[in-house]
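Peer 1: Chain residues, written in single-letter form:
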Amino acid sequence: MAVLARMDRKDVTTETVAGSPDAEPGLAAAELVLRIRAGDRRAEGELVERFSRGLRLMLRQLTQDPSLAEDVFQETFRLVVEKARGGEIHQPEKLAGFLRSLARNLLIADRRKAVRYTGLGEGEEAVDRLRPPEPEPQLDRVLRQEEALHVRALLAELRFDRDRELLLRFYLSDDSKQAICADLAIDPERFNRVLFRARERLRELWERSAKRRRLVPAGR
Amino acid sequence: MREREDMDHQIIEAENVAERYVAGKLSEEEIAGFEEHYLDCQACIARVEDAERLHRGLRQVATEEAARSVIARRLGFLGVLAALVRSRQGALGLTLILALVTLPAALGLWQAGRLRHELAAAQEALQTARRPQGNTVIVSLSPYRASGLEPGPVHPVPLPAEPGWIVLSLEPGGAAYPAYRATLLAAGDRAVWQGSALQLDELGTLNLSLHSTFLSPGDYLLRLEGLPASGAPVPVARFPLRVTPAPSVKE
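If you read the sequences in order, they're chains A and B. The letter at position 13 of the first sequence is residue 13 when you use my numbering, and the numbering goes up by one with no holes. Going from the second sequence to my numbering is simple: count from 1 and add 1000.
Simulated from the structure, these hints should not be mistaken for lab results. Just so it is clear, CB atoms sit at the ideal spot from N, CA and C, and this is done for glycine as well. Check the hints yourself; a few may be wrong.
Among chain B residues calculated to face chain A with C-beta under 8 angstroms, some are [stated by the list, open to error]:
hint: 1; residue: N1016
hint: 2; residue: E1035
hint: 3; residue: R1053
hint: 4; residue: H1055
hint: 5; residue: R1059
hint: 6; residue: A1062
hint: 7; residue: E1064
hint: 8; residue: E1118
hint: 9; residue: P1153
hint: 10; residue: L1159
hint: 11; residue: E1162
hint: 12; residue: A1197
hint: 13; residue: Q1199
hint: 14; residue: L1203
hint: 15; residue: L1208
hint: 16; residue: E1225
Derived DEER-like restraints, expressed as beta-carbon distance ranges [said to hold, decoys possible]:
hint: 17; chain 1: A; residue 1: Q145; chain 2: B; residue 2: E1049; range: 46 to 54 angstroms
hint: 18; chain 1: B; residue 1: R1053; chain 2: A; residue 2: R162; range: 47 to 55 angstroms
hint: 19; chain 1: A; residue 1: E204; chain 2: B; residue 2: A1179; range: 40 to 48 angstroms
hint: 20; chain 1: B; residue 1: R1114; chain 2: A; residue 2: R162; range: 23 to 31 angstroms
hint: 21; chain 1: A; residue 1: R162; chain 2: B; residue 2: L1115; range: 30 to 38 angstroms
hint: 22; chain 1: A; residue 1: R190; chain 2: B; residue 2: A1229; range: 31 to 39 angstroms
hint: 23; chain 1: A; residue 1: V142; chain 2: B; residue 2: R1116; range: 39 to 47 angstroms
hint: 24; chain 1: B; residue 1: P1156; chain 2: A; residue 2: R190; range: 18 to 26 angstroms
hint: 25; chain 1: A; residue 1: Q91; chain 2: B; residue 2: R1053; range: 31 to 39 angstroms
The following block holds chain B by itself, in its conformation from the complex (with noise of 0.2 angstroms):
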């Protein structure tokens, strides 16, 4: 008998068992089969737990990359803004609009205290942004189980106590599109944001950031749909999500 139950979890072993049911990748037939051993066998479920804790681990591996990436290409473009404004073709830009908006003098002086005033907070909004950025919130969103269209948990969003990058890491499952759609609808089914052309990364997730400010609490839910190269488009995923505010700072 013993000798059976080694012979077992040699194939076990062997043909990564633990592994592919912890990934998802085992048969209805085989999950059926494995999670009836398992249940009654403690070697197995320490197998289990090990190949969950480096699956989780791995993914968040992943998302954390996922969002380095998104936020070093904001700082990128946030670069070359600053280059620009400090550059001499950005000071003459500057110094010209200045020279037009003064011409009718009270008019002007005040237009150009207030390009001033906008230049300065705009900098120092720069400034802020191109600080790195803790405490980063990333929403990891996965389609509920079966179907990612069947209605799963809600995903809470809470927000950055100070203004920030929101990621949100979603993983599509089932067949690949060439491109993506994401609509993120407020309630009523109010489209307050849609972007499109939105590709897979090499790990098979989309990646979408959005600002802080951009979000009120409340509930939204994130519509996915697949663009096929010809044809309309295929319900992918639906994500609820709930958008909580930002803890208050206690002093």
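Bound-form chain A, shown alone (with noise of 0.2 angstroms):
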């Protein structure tokens, strides 16, 4: 995809003030790893608050184990703030691609980690020297029912049966493009404009469900 190649080649112009609001990210990334090695401690705290929500998002996605997750999300900071420090960022304005390569390796070493750990033999694997995810919290499990029931109840109201299966198929089973645009009759040319406007349409009353939610005081 051309934008997604693009996206990793930033031009950084110096015509570009850093910090303004039209500020390139990556200029704007690079200044901070500036500020840092000539020892400004705000600047690392910017660093964090700056990628910490995005870090915790993609370290999400890449395992299910919340406390693996928030053990590589420190050791990430602190190796980037570490090599910040001593100069060894050596193209700062791409930090973001610096810091997701750092998170990536340190997660696949924990894997190699606890591969070599389990001992594995010949087809079997030490079920009991895995490391068991922590139970999820009572909270994250009634959250996680009441979005399941938002989520049916729009299903529900969606207008077009082929939108609700469009959706189904695209998030939840492995079926190729081809293979839904040949099931429910679409286009493979306007297939990413099917699953957008069915989205939006999702998108819609998701949204008006949550205006309708915010005027009904709580405990009605």
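If you follow the hints, you should be able to join the two separate chains into one complex; please do so.
Peer 2: See the structure below:
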């Protein structure tokens, strides 16, 4: 995809002022790295604040183990700050890419370590030596159930069956785009457009229902 | 600069990039490009969070639907049994059995008493099983990233406080097979259950239901193999499970 290929080739121009509303993200990040190198402790906090939401999200996508994600999150920032202080980040304008690679490498290293310590034999797994995930907190479970109820109600409200089926199959099945298009009589060239519209219709319902819920006082 | 970013976001939106990312439908190259972008883009983080929320909700709905259909099938079977017990033929059968067993007086009386007792117990169990069951344990199992055969985290399977069904909802992922075989191994690779001719539902999920009385606390490994039209079974995924005791009820 052209847009994604372009994203890591952002040109840093000298006309752009880092920190201004129009600043190129790469340049603003580069400025943070330079400030950390110069000993500015506030810049370290700004770096963590700037990237923590995205990094948490990425780690959540990569691992279903919250405690492992948190460990990798902490370690990534520790190393990034350490390297920035030591001037070891050679392309500071590509800080996001550096963070991403570092986090992924830490995760891979952790998995390799886990596999090494399980002592796998021929076709068997030492189940009891694998790290069990922490049980899901009750609040999270309740929120997840509420989310499901909400999604179920919204799906029922969707006017077109095709929207409902398309969303379910796109998100939950391994069916190829071609298979989905063939079954739902969608022109493959229009697939993205049709999916986008189905999503928009669901989003509209979602927003309307959120508005309704805000109007109803809690407890009623 | 701002214009170019707006343009990127229009494309990300129109090409459903965040949704495809969450659904695992981007190529490695696309994932790299998108992750590097959203790590420093609040708008795209919000997009991914929205997509994640919808994905989670849809998955939960699908899991609940699957569990409901399994339980409905079970209750349907129990309903047939109940009708048979209530029917004339059932009653006649029961009388005949009682008549046969009471021929030798002493032994017969004892056996009849035992049969009645068993019948009453069976009817009571039937009534219990027919009641709607809440707090059904549903365990959703997905293969660990990259390969279903890679050792993933252990999935906790809490036993319910009251005996009941436990639904395992498996997403094999990867290539689809005409049928699957699942084997549940206890400690020491002892196979405690095996089911074959399992088929994916329309959402690409395999649903297994086990009664809680069938499991005791401990570690298990659920091994899943694909059964191709011809040739040997193909290993598909391994799910380590840890069955934990039912929580004790506080007075």
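Peer 1: Under the constraints set out in the numbered hints, which ones does this structure not fulfil?
Peer 2: 8, 10, 11, 12, 13, 15, 16, 17, 18, 20, 21, 24
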